[in-house]
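From first to last, the protein sequence lines are chains A and B.
The number in this note's numbering is simply the position in the first sequence, starting from 1, with 33 added.
The number in this note's numbering is simply the position in the second sequence, starting from 1, with 42 added.
Since the hints were derived computationally from the structure, they do not count as laboratory data.
As the structure is a computational prediction, the values presented were derived from the model and not from experiment.
Idealized CB from N, CA, C, for every residue including glycine.
One thing to keep in mind: the hints can contain errors.
[Unchecked claim] Which bits of chain A does chain B cover? Going by a derived footprint, with three or more residues having C-beta under 8 angstroms, they are:
hint, segment
1, 69 to 83
2, 98 to 104
3, 118 to 132
[Unchecked claim] Heads up, simulated BS3-like pairs for lysine-lysine below, C-alpha to C-alpha not over 27 angstroms straight-line:
hint, chain 1, residue 1, chain 2, residue 2
4, B, Lys98, B, Lys111
5, A, Lys44, A, Lys90
6, B, Lys98, B, Lys112
7, B, Lys68, A, Lys90
8, B, Lys112, A, Lys90
9, A, Lys103, A, Lys86
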Amino acid sequence: DAGITQSPRHKVTETGTPVTLRCHQTENHRYMYWYRQDPGHGLRLIHYSYGVKDTDKGEVSDGYSVSRSKTEDFLLTLESATSSQTSVYFCAISEGTNYEQYFGPGTRLTVT
Amino acid sequence: SQQGEEDPQALSIQEGENATMNCSYKTSINNLQWYRQNSGRGLVHLILIRSNEREKHSGRLRVTLDTSKKSSSLLITASRAADTASYFCATDAVTGAQKLVFGQGTRLTINP
């Protein structure tokens, strides 16, 4: 987990409230990714970024938005949280798909 | 839909035995990667094998890739209790998009 942190690590929120998760890296890697992990579904890509202000959708992007205003920070926002967004969220960084991804420790989000 | 699918979903063996996990994928790839995830932690990269490689070794790990069958296998030799974890394969796609698609994982349990 060195070089990549996520905050908060745990969060409980109510349905309908906005939530922002933060991923911070100190490795200066170009690519940053947000995944969610759910039992029976493995790891699914939500959004990714290929540079400052450059982002693209992943497999399960509905209900999520992202922003990257600095190389080191990638924010994931749930505009109006729903119970189906209860999950563990992982951030990852890399220099591209020819290289390994480094994962953060994860954020456990519970939407009640 | 998942690009990579691991088989078996769960595997339980005795310490010292070898463990083999398989991954199948659907589209042409540039490379395939294997990751390990200990309970409650982020994924950790194990090995990357490129599409022009057939076999790769790293310590007690042996990975094979058969692009004609769109499949890969991960062999862990002389297993240890510390190898207990979930193992995921991940593939890119020959599209230029810098993202990986992960399978659902194999849960490996090493019994002492």
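Run through the hints listed earlier and report the numbers of any the structure violates, in increasing order.
Violated hint (a single one): 2; every other hint is consistent with the structure.
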